[in-house]
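Q: Please take these sequences and the hints and turn them into a complete structure.
Single-letter residue listing:
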Amino acid sequence: MPKIDLTMDVNGRKVAKQTEPHKRLLDFLREDLNLTGTKEGCGAGECGTCSVFVDGKLVKSCLMPAAKADGAKIETIEGLAKPGSLTPLQQAFHKTGASQCGYCIPGMVMAATSALRENPSAGIEEIKERLGGNICRCTGYTKIFEAVEIARDVIAGKLPETALDEDATGDSFIGANVRRLDAPSKVSGRLKYAADIKMVDMLQMQVLRAPMPHARIVSIDTSEAEAMDGVACVITADDVPGTDGFGVFVHDQPVMARGKVRHFGEAVAAVAAEDLVTARRALAKIKVEYEELPGIYAPEDALVDGAPVIHDYAQDNVIKHIPIRKGDIDKGFAEADLILEDVFTTQQVEHAYLEPEAGIAYVDHDDVVTVLSPSQNITHHRHMLADILALPINKVRFIMSAVGGGFGGKEDMIYQGMLALAAMKTHRPVQLTFTREESLVASAKRHPSKVHYKMGMKRSGEITAIEFDMLSDGGAYGMSSEGVMRKAAILSCGPYEVHNLKVDTTVVYTNNTPSGAFRTFGGMQAQFATESMMDMAAEALDMDPFELRRINMMKIGARTHTQQELTTASLDRVLDAAEEASRWETGAPRMRGGQRQDLGGPDTRRPCTLGARIGDAADTETKDERVAS
Amino acid sequence: MNRKMRGRGMASSWYGIARTATIDRAGAWAELDDGGTAKIVTGVTEIGEGILTVLAQVAAEEMGVRPEDVTIGDNDTSRSPEAAHAGATRQTYMIGNSVALAAREARDMLFTEIADHWDVPAGSLRAFDGEIWALETNLRMTMKEAVGTCKARGVVPVGAASFTAHGTGLDPVDGSGSPWQAYVFGTQIAEVEVDTWTGEVQVLGIWAAHDVGRAINPRGVEGQIEGGVVQGLGQALMEDYQTENGYTTTHGFAKYILPTSLDIPQINCTIVEDPDPLSPLRAKGIGEPALVPTAPAIMNAIYDAIGVRIKSLPATPEKILDALRNHVPGREQIAQAARQDRAEAHRRGL
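Going down the list, the protein sequences come from chains A and B.
Take 1 as the starting number for the first sequence in the numbering used here and just add one per residue.
Take 630 as the starting number for the second sequence in the numbering used here and just add one per residue.
Simulated from the structure, these hints should not be mistaken for laboratory data.
From the three backbone atoms N, C-alpha and C, an ideal C-beta is built for every residue, glycine too.
Heads up, none of these hints are tricks.
If you want the ones that stay clear, here's a sample from chain A, every Cβ over 12 Å from chain B, calculated:
1. Glu-224
2. Asp-238
3. Asp-275
4. Lys-287
5. Glu-289
6. Gly-461
Quick list of simulated restraints, FRET-style, between CB atoms:
7. B:Asn-874 to A:Ala-156: 54 to 60 Å
8. A:Pro-323 to B:Ser-753: 55 to 61 Å
9. A:Arg-583 to B:Thr-700: 42 to 48 Å
10. A:Ala-168 to B:Asn-874: 58 to 64 Å
A: And the structure:
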């Protein structure tokens, strides 16, 4: 392929390079210039992690061909301040704790820099509008808004520069707002995530994924791909030397599909090649013959007699059932003055960490197979990989690279095994970086759930019995399902002392995208149902929702649903704190929004209205007032 | 009904700290290093929550140095002691406490040497912010000098520790057991505005009160609460990973909708501290618990605003409009009366 010559001014220096014509500006910056502070989060202009300035305008560099930037003046995160120093905006991000995982932060800093350059006196509404194209999954944006407002006022001279300093520490570092030690490297784009690291002689991996959700693999022919120039190796399940299987609780998932595929997007084979383009082309040369199988796409269907069996070891398709019993529910319901019964459902949710999965594997001088990746559980991954590779445990090494968001989604070892196999087969470093689409289809999700709920209560508000039955879709592999069901069951009936209860949580295999660990691990699905029921009960009993919760709350000495005696309990204090902070107006929950006097306080934001809230320096204040009215 | 209706709802929650229904463990190594600096090695790395800063605060507090003087080694199965995994709201509790214990051991080693050097009881020594002194004396030096003195006496001040949390498994029949040794509780209130023409819900305010045991870094705790609330808001109102017969139909951020800056309520955090009696730091955790009450608080607020209850997440505009269309005033009450009648009948054994 003929190369193209590009000349640009990048961060104040003239750059003249030959490169491939297919490259995006993002690729050119990251690969040709090693400016890896600019991140790839989605490749589709939707997340903003790749934001840079092109001739002074904020641009998503994943959407711009490098050739189109020829002759342009480019400014990246690395160019905002001299090495070793930070702009006031970066200092403000450091001060407020506006960076957490840090992966979105270079793009966010660029967008915020743009906002203040476009309008140095932008109000909060305009700041929010101008950050609207940049997704952050960790911070909840709040500390970012705070940082931009502080920086704006320092730059304008309305706040002294000391406003950017760290809060003073008293006589202890415990309880002090010590600034994050990792923030300077994050706000300046210096922190290297797995996809940012290059090693000498490194190969690039690409993964062939299942085009259908349930099928038997009749044959895989990799010969044509292997024969291609630039292809170092092709791997399939046949390359696994040890016991093939991983999973947080049950090791039911092979490194690559073995004999059959169980969900759309499952890894079937992988190629390691001299470069990404060659690896992608080689994927198209792998011939896989599938025989489609009937699938299960709803958890209820998994439990029907004669349902397709997804894993041989689980003929009933049940991954795990957790029962909890306490007291006598028949007696409890008989004592009730009121019985409520309902069904609650929650959906599958994506972790959407901004850093897609990425990793590097190599075999070191001591023959240690080393995997560097943003894994949330290197300890367990090491155990599993040693079994998979049939190696002693000290010959497998996991290094946790900087994690660009996890939330439970990076607990599953869904790609590290492939990297290790390719590194062993080639004795060269191998790197794999998922696309966003790959990350979405191949990684676990939050368990969707359906809860049948029955609650018995006395007129006094006391809960007399609860029957709680959750069915959850575990998808194609077990991953964390067992633990999620356990936590859902333990926490099910909420922070209330219930003397009679019957709780069942069940998770089944289907051919949907697997469900796994996700922040709260089943706790939110269960308590969504409980807290909805509590408000429905409060309405029925004409009781304030705080009061109903106080009547039933666990106190010191209470026995939990699993009959553990609590030696501490703080719900009373937490209820008081929340009620007071929110100026809660007492009353039963029955559509009284229209009459409430506690709405619209200074501790709420303005609602959004149609139209962009963007002004220029001159008319910002009027504009903000208009938004307010 | 006005076009835009507002309301408020609340929800409470509880959560267990560290691994569930099992013994949890974490290890750490500590060294008071030249120049009055410190090294900590433990098998844990940031996933964004701020644990490195928390560990540096803990180590600094225990060893009498400053957080910026603490270097934390990489998380590497061949180079650092096991601290297990980054999840389960266990980082501050498990690794924080193991670092505290390891740092304490290194400090005690240094204190023994300095006490002997000064000829005072080790119990009279204190160290903070880069200085060490003996109570009720004029004896005082920098930690740099103290480490130098210690090493000149032939001792490298090091420590190693393991911290254990004693959870037990659940009985397979009745589920009884003690899954955690530390629990936290939370309550959130949501204030919403519902556009009854478009079905769109905006969350305008969240008040979040959470017990964290002891806040090592209050700003970091707020960051966890704010992030958890916004993930909860996303699940409550917009996020929905969908498949059709197993095929993913939401394979990009154009179809999988996430909260952006314009969706963010004002989040008002209240940190409640009910110290954990079973661990040296007395801190508990906040990573996961912050998310739990958000979605039900928002659903309860929507009910307060428009009188319809969404029982199937997410509460998309389509679902809100559909529910409003099918809404019969008082229907819930009628249904409840009917259920009550049935319960009555059931109780009479009919």
